[in-house]
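Chains as they are written, first to last, in the numbering used here: chain W, 1 to 358; chain B, 359 to 675; chain D, 676 to 980; chain C, 981 to 1492.
Some hints could be false.
Claimed, not checked - Once the Cα atoms are required to be at most 27 Å apart in a straight line, the calculated DSSO-like pairs of lysine-lysine come out as:
| id | chain 1 | residue 1 | chain 2 | residue 2 |
| --- | --- | --- | --- | --- |
| 1 | C | K1303 | W | K241 |
| 2 | C | K1246 | W | K239 |
| 3 | W | K239 | C | K1161 |
| 4 | D | K854 | D | K761 |
| 5 | C | K1361 | C | K1303 |
| 6 | C | K1117 | W | K139 |
| 7 | C | K1303 | W | K137 |
| 8 | C | K1246 | D | K854 |
| 9 | C | K1117 | D | K854 |
| 10 | C | K1103 | C | K1161 |
| 11 | W | K239 | C | K1377 |
| 12 | B | K609 | B | K518 |
| 13 | W | K139 | C | K1244 |
| 14 | W | K241 | C | K1327 |
Everything labelled a hint here was simulated from the structure, so no lab data went into it.
Being a predicted model, the structure only gives us computed values, none of them experimental.
Here are the chains, one letter per residue:
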Amino acid sequence: MNLQRKIQQLLKPMLQPMIAVLIGLVTGALAIALVGESIMNTYKVMWDGAFGNFYFLTATLARATPIILVGLGLALAFRAGVFNMGAEGQMVLGAVCAALAALYVPGAGIVKLLSAFLAGFIAGGLWSLLAGWMEVKYKVQLLISTLLLNYVAVLFAGYLVAEPFQDKSGSAALAQTPMLDQAVWLPKLFAGMSVHMGFVIAVIGAVILYVVLQFTSSGYEVRMLGKNPFFAEYGGINKHKVLLFSMFFSGGISGLAGTVEVLGSQYRYVEGALTVPGYAWTGLMAALLANSNPLGTAVAAILLAALQTGAMGMERNTEVPLEIASVIQGVLILFVTAKFTLSWWKVKKKAGDVNGAV
Amino acid sequence: EESENNSSTTNEDSKKIALVLPEKMGVNPFFQQMDEGAKQAAEEFGVELKTIESTDHSAIEENLRVAVAEGYDLIITSSFESEDALKKVAAENPDRQFAIIDTLVDLPNVQSVNFREHEAAYLLGAAAGLSTKTDKVGMVVAMDIPLMKKWTVAFEQGLKETNPEAEFLVNYVGSFSDPAKAKELALLQASKGADFVAGASAVGDLGVFEAAKEQGFFTSGQDIDRTEVDPEHVVLSQLKGTDAAAFETVKAFANGSFEPGVVEYGLKEKGVGLTYVTHESKTPLHSFVGQEAIDQVKSLYDEIIAGNKVIENPLSE
Amino acid sequence: MELFDYSLFASAIRMVSPILLAALGGALCARVGIFNVGLEGLILAGAFSAIVGNYYSGSVIIAVLTGAFGGVLVSLLFGLATIKFKANPIVAGIAINFLVLGLTTFGLRAIFQVKGAFYDKDMTGLPKWDLPLIENIPVVGNLLSGHSPLVYTAFIAAILLYVFLFKTVVGFRILAVGKNEAAARSLGLNVTVLQYGAIVASGVLCGLAGAQLSLGQVTMFTEGMTAGRGFIALVAMMLGGSHPIGMIGSSLLFGLMDALSIRLQGFSMPTQFTAMLPYVITIIAMFFLKDRGLESQASGQQSSR
Amino acid sequence: MTYRLEMKEMTKKYGDFLANDGISIQLKKGEVLAIVGENGAGKTTLMRMLYGLEQPTSGEIKLNGKQAQFFGPQNAIEQGIGMVHQHFMLFSDFTVTENIVIGHEPIKNGFFNRKMAAEQVQKLSDQYKIQVNPSKKAGDCSVGEQQRIEILKVLYQGAEIIILDEPTAVLTPFEVDELLKTIRFLADQGKSIILITHKLPEVMKVADHVTVLRNGRVTGNVKKEDTSIDQLATMMVGRELQQLSERNQLNGEPLLELEAVSIKGKSSKPVLDQLSLTVHRGEIVGIAGVSGNGQSELIQAISGLTTVDQGDIRLSGTNLVGKSVAFRRNEGLAHIPEDRFLWGAAKDATIEETGVMGYYHKKAFNKYTFILKNSFREVVKTWIDRFEIKAKSVDDKSGNLSGGNLQKLIVARELGFETDFLIAAEPTRGVDIGAMEYIHEAILEKRNRGDGILLVSSELSEILLLSDRIAVMFEGKIVDILDRKDATEERLSVLMAGGKEDESSAKNTTTA
Ligand SMILES: Nc1ncnc2c1ncn2[C@@H]1O[C@H](COP(=O)(O)OP(=O)(O)OP(=O)(O)O)[C@@H](O)[C@H]1O
Ligand SMILES: Nc1ncnc2c1ncn2[C@@H]1O[C@H](COP(=O)(O)OP(=O)(O)OP(=O)(O)O)[C@@H](O)[C@H]1O
Ligand SMILES: [Mg+2]
Ligand SMILES: [Mg+2]
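Excised from the complex, chain W in its bound form (with noise of 0.2 Å):
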């Protein structure tokens, strides 16, 4: 009895977008038969190629990869009740500098690969801090200031990669660092795979989040500060201190994000390598899914990724074209938090607690 309600507990963040996505793939078997296409055997292909075999598998977990951090670091933001919407930023930031530390710190790999990890980790902290500083200190937004802080860093990091840290070997056409030393890789969990030890860490990352968040002092004290400042306040927690400290921690766990992209798949600082695949939203997506919840935003990232390297193999493997494959993937996720079973008397309740006035 009480092992099944634990049970029915931890699952219990993790049920709910299983649910919103099995919702979301009855609409997007409706967007199949527009196109005029097998539904079954769309969907087949897009599981084939998101976990079809082990190599399938393993590439979705790969993509997963940064899209866990960045949405661990965002659940955290988001726990502590500031609406981060800098992932972006914070990531690119965390991958250039990880990737500059891996380059010209000296010293034998392992302390060049240490240095990378906390370069990217302080680099997207104290980036997400200032944001944090600015709106502890000056009132200055964070919802706005975060945003605008990932165009500033983005194009920070594109000027070092194509000015003065610039690859100059090879074609030299990319604005991209030199490619690191085989020394600082990430080992690749499996030979011939892509995933790579990044999502162990991610992993790991996610259950300590969890433990954290759940069952500590200083998890708690975040959660409360999300829940109520007041109370929080009230209740003798540094209100500040605390939400300095999420925002280091989030922007710092998204800035992991960018350096394990750098140190276990891209093996250097590319531009745009990591804007563009859009890690930063499919996090946020990640995050808010699971109600933030570590555990259920691991799961929701590896689905969102899923959704994704599946809708790579429908590319390849069917006439479903890849716009086709992208307005599947919108139309799925549209409907991924829809609550179908929606309780009147929630509603209804709110209603009556929320205080007009004072």
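Given chain W, work out where chains B, D and C with the ligands should sit, using these hints.
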């Protein structure tokens, strides 16, 4: 399943070729042409061709690997973005043939098809320098990235060599697909007195053309002969035969003459060029440029193909 | 080279009009408590349908109408997801952006049999209107005259929206819904209808923004031609506090800085830095506009819910 | 004469739970019906069905003898029902006028005619003798004024039957008197009024009929003349109420000392003005005052939620000024906040999470930064037992607790710290008399153990019942301190209104 396929080459009658594009071809005529050229050759020479578009950078490697796994005999990819991925995948699959268009990958099982766009850009710059009446010439460039130097630097060189007085205005759109902003930039350059504004902003060029039409200045296009779009204002086009490159690669493979190594496409090979100078155009030459200028550019062209004049690749310092 | 000239301002006004239109649309949504990050998609839908309308009818008026209609269709989808099915507006908004990008690209292929861009030199764009009288005033004339009708529409729409929100009953009720949805419900106001209304209107505005982009600024459609304008509109909306007049200010600030950054490209500064200018200035502006947009947006804490 | 409103055998089920079980009430024109009952007895549920916010599971509603049905608030409003919600439904950024006319705005040439609206509001205000300032922003109005806005809104909508759900919970005694007068006046004008309240003296003052609910059933239906407070209380709680424990005499040392504390605030007048006050061990000091005279700021200044501009605050000799909330709590301060939803709890957090605030870092409940949930759970269970907190489980959201039960949880939490000093602000607001009894008893017990308590309450009866000394606040100052035995409601009222007392009595009392 995949790993088994890895080693076995398929023994079907028709050869299977995959064209893995590093981006969605949508916004880029460069890739569209490549796709068309490859398709045409595939049809003519009876090989099977599948074009795979990559949604983003990390999908390139993935697509290459899948193409290997699915047993394609030749895998063609393109441009700098694919360089890293191809190096990895080709090295891991030494028994498979690869080709990469528009950049160099030095591996025993890879054919690199390289363009010397800067030669054509030089000619375009020279033509602009000879044609301008205001001694002001502009260029609207997609993004301020190293790659684009192949266009800007060589263009400026040609411009300054033919017309030392000329001022060169350059502006960056910041995107490959923003015609509205490209148009504003062209208008800006025109307002500063430029009577010729070269478009080098991918899809944005259409915006540059519109600006030219609106304000009555002259412009040029990229890759294919764009003078047809608006012969009154689009007076030149810098050409790049990605279609030919793709066509030739597929053809060679179908005929069994495919070889790893470097294949160069420059002015000499007619892989790049300039309308009226190296290639005929359906539209008659506009008087803004005039036959005299074209003749002068032609002599520059002759010098280059004779090897008397070398246009440095701005990227290889 | 002089940095400031008439063309700088004229260009800023032109460039800013789609942003302003979309910001107004976003503000309407924000005013009924829905944070709309799908502006980018809505504009793109408008841009595409305007071109389709133009191509088939040959009439710019019909083209503008179809542009607005395209925006409305997509916004209804967004409304359905967020209002009817209570989907998270941010997730739904992002999905809308994806969806429209896919749909329009597919539409290019299905309708015009082209990839990437559709351009037809016989297609006529929006006319440029010379304003009688104003046209002849020396400086002002250069600035204000000779724009497309939708540029004027953008600024007029801002003023109309101001009048609508703050002077009419329906506008008043819309404000009420955004301020305190529970209270509005308890009064028996039909919150759902008001929300749908606002969303449809926002679809119209974003559709017009798209039409201005694809028929006013240029006459063509290219894949992803919004190039991030939806997000800039979102920033303009928040910075302007979802207030129509405030948004005129914030989008003009952004437009001017953008135009200025283009001119700064000529100087020996990396373009990446000049391109940062509008964003940095906007952040700095926020130090002076601290509490802007706080009340009117539903986004604030919803993340943690 | 037929009844204006009849509700017959109204039943409302939430799942298996019977919130209302065959409740019937009747109401005539010009009559005031009071509905009383414990927290969670089903009063609000019944009213929500009348206002169209809930659909009854079964039952019948008749208006003027005719069967009626309400599909939503709009529908109910159209049929002449108006409801003043327990939590006000106001738009704080809108003016009073706008708040009143919304939904039925006067229109001129298609535009919202704010001028005419203001005139109409003024007229209505005069007609029913309900004073408001039509052009003020609702958010700037006092709680009492906000209440008047709500009532005018209902009248403006043309309500004949007016429901008031716990309207006096947040009002000052003076405002309560005004409201009760208004209610009577409205009834005399022919309106029918349903008044839900926990305060039995008010019922006796203003009601014609009283219906008592317990556990979703009617346990009493009496005429005002035929009943008494004690009888009503018994019907409500199902048992006799007990007397408070005796207070033992303690003469402790100074515990909390405030010296010349000032807070400037936004306007020209300081919100706290050179305020000095001492609370001794074993003493309850009550703060009486019309709300808005600096009580909230005083509490926040002591607990560290706002910064003081000047002055000293010491707890057991330790200076608190400039120190964090956490520091003060560690030094021995506990605090029952005046607004339980704003400060006291997070609605979305579980009961356990709301309870563990302040405990989570204590040794007994924390190991290697991990919160020891199981140990803490035991503690929460003892609270639930001791205060009879009605909760499904500790994992339920605290927002799902009724106000009274949440309040008991907060009281239990703050008492559980066993600190030397406690701020108790509005400790029984909105709480039923049964629960009130528990809370009063607990506070008194704490005092008897030798701890010091600062009690802030807008309920004069509560102040008089519990305090050893009573300080009266007016415009940020303490105008007088009375001894328990010298204080009467009348004297306090005069002082609260800013009136001066004669010198001698004031001197006597300050030396206590
Ligand atoms: N939507 C609902 N779902 C389940 N139970 C509910 C719901 N609404 C109310 N209840 C339950 O119905 C009972 C009656 O609630 P109601 O709000 O009517 O009490 P009340 O008498 O107004 O209490 P209070 O004095 O605290 O205001 C409570 O036990 C409550 O838990
Ligand atoms: N999710 C829920 N499940 C069951 N009962 C609920 C739930 N949410 C609220 N209730 C009940 O609904 C009733 C009404 O809630 P409400 O917040 O109005 O309580 P209240 O006692 O009137 O509060 P207060 O008077 O302090 O403001 C409460 O009795 C509460 O127990
Ligand atoms: Mg109630
Ligand atoms: Mg209550």
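Status of each hint after checking the structure:
1. Proximity of K1303(C) to K241(W) is assessed by CA-CA distance (about 15 Å); at most 27 Å being required, the pair is judged to hold.
2. As the CA atoms of K1246(C) and K239(W) are separated by approximately 23 Å, the hinted pair is consistent with the 27 Å bound.
3. Taking the CA atoms of K239(W) and K1161(C), the gap is about 45 Å. The hint is violated against a cut of 27 Å.
4. Distance hint between K854(D) and K761(D) is fulfilled; the C-alpha atoms sit about 19 Å from each other, no more than 27 Å.
5. Pair hint K1361(C) plus K1303(C) does not hold up; C-alpha atoms about 33 Å apart against a cutoff of 27 Å.
6. For a cut-off of 27 Å, the pair hint linking K1117(C) to K139(W) stands: about 24 Å separates their Cα positions.
7. With a C-alpha separation of about 19 Å, the suggested pair K1303(C) and K137(W) falls inside the 27 Å cut-off, and the hint holds.
8. Using a Cα cut-off of 27 Å, the hinted pair K1246(C) and K854(D) holds, with the two alpha carbons roughly 24 Å apart.
9. Restraint check: the Cα-Cα separation between K1117(C) and K854(D) comes to about 14 Å, which is no more than 27 Å; the hinted pair holds.
10. With a C-alpha separation of about 19 Å, the suggested pair K1103(C) and K1161(C) falls inside the 27 Å cut-off, and the hint holds.
11. For the suggested pair K239(W) and K1377(C), the alpha carbons sit about 22 Å apart, so the restraint of at most 27 Å is met.
12. For the hint pairing K609(B) with K518(B), the CA-to-CA distance comes to about 40 Å; that exceeds 27 Å, so the pair is violated.
13. Annotation: proposed proximity of K139(W) to K1244(C) holds, straight-line Cα distance about 21 Å (limit 27 Å).
14. Using a Cα cut-off of 27 Å, the hinted pair K241(W) and K1327(C) holds, with the two alpha carbons roughly 23 Å apart.
In this structure, the earlier hints numbered 3, 5, 12 are contradicted, and the remaining ones agree with it.
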